[in-house]
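Residue-level listing of the chains:
There are 2 protein chains.
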Amino acid sequence: MSELMKSWVESANSPETPFPLNNLPYGVFSTSDTAPRCGVAIGDQILDVSALEANGLLSFGGSLSGSSWNAFMALGQDSWARLRQELTTLLEDGAPNRSVVEAHLVPQSHATLHMPFEVIEYTDFYAGRHHATNVGTMFRGAENALPPNWLHIPIGYNGRASSVVVSGTEITRPCGQLKGPDDDAPRFGPSQRFDIELEMGAIIGQPSSGPISVDTAFANIFGYVLLNDWSARDIQAWEYQPLGPFQAKATATTISPWIVTAAALEPFRASTPAREKELLPYLRDTGPMLYDINLEVGLTPDGGRETIVARTNYKEMYYSAAQQLAHHTSCGCPMRVGDLLGSGTISGPEKDNRGSFLEISWGGKEPITLETGEQRSFIEDGDILSLNGAAMGDGYRIGFGPCDGRILPTA
Amino acid sequence: MSELMKSWVESANSPETPFPLNNLPYGVFSTSDTAPRCGVAIGDQILDVSALEANGLLSFGGSLSGSSWNAFMALGQDSWARLRQELTTLLEDGAPNRSVVEAHLVPQSHATLHMPFEVIEYTDFYAGRHHATNVGTMFRGAENALPPNWLHIPIGYNGRASSVVVSGTEITRPCGQLKGPDDDAPRFGPSQRFDIELEMGAIIGQPSSGPISVDTAFANIFGYVLLNDWSARDIQAWEYQPLGPFQAKATATTISPWIVTAAALEPFRASTPAREKELLPYLRDTGPMLYDINLEVGLTPDGGRETIVARTNYKEMYYSAAQQLAHHTSCGCPMRVGDLLGSGTISGPEKDNRGSFLEISWGGKEPITLETGEQRSFIEDGDILSLNGAAMGDGYRIGFGPCDGRILPTA
Chain A
18 MSELMKSWVE
28 SANSPETPFP
38 LNNLPYGVFS
48 TSDTAPRCGV
58 AIGDQILDVS
68 ALEANGLLSF
78 GGSLSGSSWN
88 AFMALGQDSW
98 ARLRQELTTL
108 LEDGAPNRSV
118 VEAHLVPQSH
128 ATLHMPFEVI
138 EYTDFYAGRH
148 HATNVGTMFR
158 GAENALPPNW
168 LHIPIGYNGR
178 ASSVVVSGTE
188 ITRPCGQLKG
198 PDDDAPRFGP
208 SQRFDIELEM
218 GAIIGQPSSG
228 PISVDTAFAN
238 IFGYVLLNDW
248 SARDIQAWEY
258 QPLGPFQAKA
268 TATTISPWIV
278 TAAALEPFRA
288 STPAREKELL
298 PYLRDTGPML
308 YDINLEVGLT
318 PDGGRETIVA
328 RTNYKEMYYS
338 AAQQLAHHTS
348 CGCPMRVGDL
358 LGSGTISGPE
368 KDNRGSFLEI
378 SWGGKEPITL
388 ETGEQRSFIE
398 DGDILSLNGA
408 AMGDGYRIGF
418 GPCDGRILPT
428 A
Chain B
18 MSELMKSWVE
28 SANSPETPFP
38 LNNLPYGVFS
48 TSDTAPRCGV
58 AIGDQILDVS
68 ALEANGLLSF
78 GGSLSGSSWN
88 AFMALGQDSW
98 ARLRQELTTL
108 LEDGAPNRSV
118 VEAHLVPQSH
128 ATLHMPFEVI
138 EYTDFYAGRH
148 HATNVGTMFR
158 GAENALPPNW
168 LHIPIGYNGR
178 ASSVVVSGTE
188 ITRPCGQLKG
198 PDDDAPRFGP
208 SQRFDIELEM
218 GAIIGQPSSG
228 PISVDTAFAN
238 IFGYVLLNDW
248 SARDIQAWEY
258 QPLGPFQAKA
268 TATTISPWIV
278 TAAALEPFRA
288 STPAREKELL
298 PYLRDTGPML
308 YDINLEVGLT
318 PDGGRETIVA
328 RTNYKEMYYS
338 AAQQLAHHTS
348 CGCPMRVGDL
358 LGSGTISGPE
368 KDNRGSFLEI
378 SWGGKEPITL
388 ETGEQRSFIE
398 DGDILSLNGA
408 AMGDGYRIGF
418 GPCDGRILPT
428 A
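One line per chain: the protein sequences are A and B, in this order.
Note that my numbering has the first sequence beginning at 18, numbered continuously upward.
Note that my numbering has the second sequence beginning at 18, numbered continuously upward.
One thing to keep in mind: the hints can contain errors.
Only pairs whose alpha carbons sit at most 20 angstroms apart, straight line, appear in this in silico EDC-like list of lysine to aspartate or glutamate [as the list claims (entries may be wrong)]: (1) Lys294(B) / Glu367(A); (2) Lys332(A) / Glu367(A); (3) Lys196(B) / Asp319(A); (4) Lys294(A) / Asp201(B).
Derived from the structure by calculation, the hints contain no laboratory data.
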């Protein structure tokens, strides 16, 4: 485990900050004076890299001057490494250019964060074994919990890129067709089983036009965000056969505002679990491609205090994002810079490791009690749902920033 | 039924041309001298509308000067109507500006056609009752052919926009995980059951940010293309439970090169069939929103001649594109200019009306014999698959241009 890299930005040296010099995550921010622009989080500050490119301290062909990181990602791996190196040199303890750089620090408390990249297409997977087993047990019984293909294929479906929003965006409870098992016909109304899914999102930073290997896939992933795949379980139950979830998943997907790069996560690489069935060659692990990232879910009821309802870790995944991406390209599907892959819900083996209320309340049969004394099976109007995550280094942490959404009643 | 509108472009007055003055479909073309640009088909010519905007004969804020129709679509319905009116005035018999306009006609034989619009997101539906009944009968028996939700919901799933290509693009036979019912484990190899789906594509021309009515949905559809949703049936059979088709549908989707506007199709409006179950209010028909468009599928084996393997009509759909779009927005899903909705496979009631080889060969059990004497259950390498379509007026036709793809062997 590597150690804290010290910065002249004092707040970046706290063991509590999510944004030490080791992290350097990429986001898009605005202030009352400036339009949305590219920035890098350092301690409690944001470094305005668009200004640094404008004054020549950074030079990446103008790619830092837009309002998303897509143009920079498109430059490729050499540029990704060079920017990280140059930012480290500018921000490390004793850096010579401190006064020039300091003029372009903006306190995070003065900034509004925006979508850090333009989501071109969004794919969501179902690659957490504990989650798939829990859901399968509820719906098909313990003997048939995992579908027959599950140990062979990182099962995925295409989601809706237009519905991906940044942390803090309020989420309106969706309506849809609902039909209970004893109802004669469906009715149209607000979802009564609105839920979260605790996931990580992998951001594709390089295009591909045909099948790619797991190693190439790993190299093409620019970075990661926390991802909450809001899910209307009752809409899903009625609509999903035979072609999969559609309107149940298209209201919103919330991501955290900072892209934590694969480079920053490098010290935290972790292996997928032992394989029960050998994978086909195009999917085989070639090294540890998951990450050891602690994850948790908090629920804050309207006017109340937060209860942590789940704690788990990204290394619980059965398939890595690199394996998912390799599979995604296996039929020749073209990938583009800015594509987003959701990991699938990340649950752990224990009851308090479950990354969705469907699992936490076991389909609504076992409501949990919050610290306020209230009970929850699914999300209520006014609730704030928060994902948090951090990779834990020696005296530092690599954080993602918040991934929050408050639920508004159906309009 | 309206009559042929006469143009001074003589070839546009033939009863055989797909592109009379009544049509005026929008495409993107290049020549050996010019980069891809917006054009309008008229008879055997293309009118270079980017040049007409450059010289001031048309004025749409520069939206005709790009290499896609997205910017023009974004201008909205009033601009859609104004351009159609102005083009009609410029091209009709006796138009005063003929010599100025004539200088900007390019023979179609000299042009290469490109994607007419940038596909932002692609959704595919399953809204043809004969197709769903045929497929369901094969997989679940005649009593359970239609899933319980089918008569209530226009079932859809998100497809992959990056894989949509224009007619003429060669299609490489995909590989994927294949597992026969008696195999112990899947293997990875070329699809042996590669197929077409005869569909229409509806192009969204106006954005929406929440649920919209069927009437608003109808008004937001800019136009239509022919659409072939290439499908690997064997990949699909193994992957699709529980989250729907994924790699089976992501190799390619081919569209015809000309956007036929809703305005051009107005005289051909047709009603959906009688409802077996009453639809929920948000989906109810408010008027005829399908179109009477004859459709056919041709197969040309390598070096051979074409056999027409299916004939059907767009009015066979159970749900209109407007109903699909209204449903798509029902959970609050945002729609954007350039979103593409596939109708679902359009089969008719009879054996020779089937819009996929899965149906034509009844799952491979009843191969058909081509005019060359060869047999086909699914597509062979070297085959050219062609969709054709036309709405038939009184002495004229509204055509779409070709929707063709030739199959290359797995690389």
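Against the structure, the hints:
1. For the given pair, Lys294(B) sits about 45 angstroms from Glu367(A) by alpha-carbon distance, which is inconsistent with the 20 angstroms threshold.
2. Between Lys332(A) and Glu367(A) the alpha-carbon distance is near 15 angstroms, which keeps this suggested pair within the 20 angstroms criterion.
3. Using a Cα cut-off of 20 angstroms, the hinted pair Lys196(B) and Asp319(A) is violated, with the two alpha carbons roughly 50 angstroms apart.
4. Of the supplied pair hints, the one linking Lys294(A) and Asp201(B) holds, its CA atoms being roughly 11 angstroms apart against a limit of 20 angstroms.
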